[in-house]
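2 protein chains.
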Amino acid sequence: MGKVVAAITTSVDGYFTGPDDGPEKGLGEGGERLHYWVFGGPWSYDSEPEGAAEGRLKPEGEDAEYLKEMTARGGATIVGRTMYEAAEHWGETNPFGVPVFVVTHRPEDEPGTGEFTFVGDFGEAIDRAKAAAGDKDVSIGGGGDMIRQGLEAGVVDELHIIVAPVILGGGKRLFDHFETSLDLKNRGVRQSRWATFMEFEVRR
Amino acid sequence: MGKVVAAITTSVDGYFTGPDDGPEKGLGEGGERLHYWVFGGPWSYDSEPEGAAEGRLKPEGEDAEYLKEMTARGGATIVGRTMYEAAEHWGETNPFGVPVFVVTHRPEDEPGTGEFTFVGDFGEAIDRAKAAAGDKDVSIGGGGDMIRQGLEAGVVDELHIIVAPVILGGGKRLFDHFETSLDLKNRGVRQSRWATFMEFEVRR
Numbered sequence: 000m001g002k003v004v005a006a007i008t009t010s011v012d013g014y015f016t017g018p019d020d021g022p023e024k025g026l027g028e029g030g031e032r033l034h035y036w037v038f039g040g041p042w043s044y045d046s047e048p049e050g051a052a053e054g055r056l057k058p059e060g061e062d063a064e065y066l067k068e069m070t071a072r073g074g075a076t077i078v079g080r081t082m083y084e085a086a087e088h089w090g091e092t093n094p095f096g097v098p099v100f101v102v103t104h105r106p107e108d109e110p111g112t113g114e115f116t117f118v119g120d121f122g123e124a125i126d127r128a129k130a131a132a133g134d135k136d137v138s139i140g141g142g143g144d145m146i147r148q149g150l151e152a153g154v155v156d157e158l159h160i161i162v163a164p165v166i167l168g169g170g171k172r173l174f175d176h177f178e179t180s181l182d183l184k185n186r187g188v189r190q191s192r193w194a195t196f197m198e199f200e201v202r203r
Numbered sequence: 000m001g002k003v004v005a006a007i008t009t010s011v012d013g014y015f016t017g018p019d020d021g022p023e024k025g026l027g028e029g030g031e032r033l034h035y036w037v038f039g040g041p042w043s044y045d046s047e048p049e050g051a052a053e054g055r056l057k058p059e060g061e062d063a064e065y066l067k068e069m070t071a072r073g074g075a076t077i078v079g080r081t082m083y084e085a086a087e088h089w090g091e092t093n094p095f096g097v098p099v100f101v102v103t104h105r106p107e108d109e110p111g112t113g114e115f116t117f118v119g120d121f122g123e124a125i126d127r128a129k130a131a132a133g134d135k136d137v138s139i140g141g142g143g144d145m146i147r148q149g150l151e152a153g154v155v156d157e158l159h160i161i162v163a164p165v166i167l168g169g170g171k172r173l174f175d176h177f178e179t180s181l182d183l184k185n186r187g188v189r190q191s192r193w194a195t196f197m198e199f200e201v202r203r
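As you go down the protein sequences, you meet chains E and R in turn.
Residues in the first sequence are numbered consecutively from 0, following numbering that gives the first Met the number 0.
Residues in the second sequence are numbered consecutively from 0, following numbering that gives the first Met the number 0.
These are computed hints drawn from the structure, not numbers from a lab.
Among the hints, erroneous ones may be present.
Copies of the same chain look alike in the list, so a pair counts if it works inside one copy or between any two.
As a list, the in silico DMTMM-like pairs of lysine to aspartate or glutamate whose alpha-carbon atoms are at most 25 Å apart [to be verified]:
id, residue 1, residue 2
1, Lys184, Glu61
2, Lys184, Glu64
3, Lys24, Asp182
4, Lys184, Glu59
5, Lys57, Asp182
6, Lys67, Asp134
Assemble the whole structure, with the sequences as input and the hints as a guide.
Set out below in structure tokens:
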């Protein structure tokens, strides 16, 4: 059996978006800085780097290494509807290379493309993603609500917090309204110019 | 000139104390886990490890290395009154080995022991600590309010976040009510069993 891995990028002050995120605003005000590590350096919604608009990534060094490891391990991905909308449906094409389950209160909104599977609740998403992933891992890619639900339900084996070297001062905080105490175990850390990758095992 | 270094230990969810911290409650409920790295392993307020009550530390490996580096660099320390009280005045004896400035609205409360210098505001604390430190660094040791004031005032050169592998689910959050956006630069990271030490340079 694969593991369930929750992985998300946050600022040093714990936000996974800047203020005013959402459709047409992506990661919110100043939020592009969270994902410099994904694109290999600075970019913005106003002037994207070559390839960014099409989702072609050009990370380097430790950034590329982490993505490569996660890609090799991953067999299915779960995302929340809010993230799906903020990402503008990734241009209607699944960019993950594995089945993607979108958790939503309105599964009937699923587009007929076969690119994304809409499911009505988090538990169902976990079950179906595990079945789809087989021996590989299920990745909970965000947003914060999905990761909090996973931790709360006790189904997360690993938590990866990728810290971008920025203080945002506002936005959506990963651990807002999360009141459960959990013991973790350090699994390792690496750092690039654009991010610090902290990996934890969740103790049960 | 030395640098101003703000260093604090937080949980993965960003708390520097558990719930209900304060005099006789130290770092709050479950908060001891934040400082396993300082004492070389598990301890609690109910059954302290040998030496913990007297402030004798027994960190090992990367934990000891970080403390050694900080001790070598430090020339003066600033702490807030709340932290001073929560630590129960460190038994009325300065444990830092360098002059300590306690920021308080009531500087007249300064004990006559000469162990701690009480000052009436944060700016004065910075000025006096810099003068006392000479070529060495000024350390802002906490609590959160002191570190936020330092970042807000633009006087912090380095921010060190020491992340303990625990989710507390409540307590005092380092970045609560901090609404300024700042760009940082990764300076390096190390990890022990009990902590991940992230060091950032604050860009001006």
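Verification of the supplied hints:
In this assembly of identical chains, Lys184 and Glu61 lie within 25 Å of each other by CA distance both inside one copy and across copies; the values are 22 Å within and 16 Å between. For a Cα distance limit of 25 Å, the shortest separation of Lys184 from Glu64 qualifies both inside one copy, at 22 Å, and across copies, at 20 Å. Taking the shortest alpha-carbon separations for Lys24 and Asp182, only the inter-copy value of 20 Å comes in at or below 25 Å, while the best intra-copy value is 35 Å. With identical chains, the CA atoms of Lys184 and Glu59 are at most 25 Å apart between copies only, with a shortest distance of 17 Å across copies and 27 Å within one.
Taking CA atoms no more than 25 Å apart as the test, Lys57 paired with Asp182 passes between copies only; the shortest distance there is 22 Å, against 35 Å inside one copy. For a Cα distance limit of 25 Å, the shortest separation of Lys67 from Asp134 inside one copy, 18 Å, qualifies, whereas the shortest one across copies, 45 Å, does not.
The structure is consistent with each of the numbered hints, conforming to all of them.
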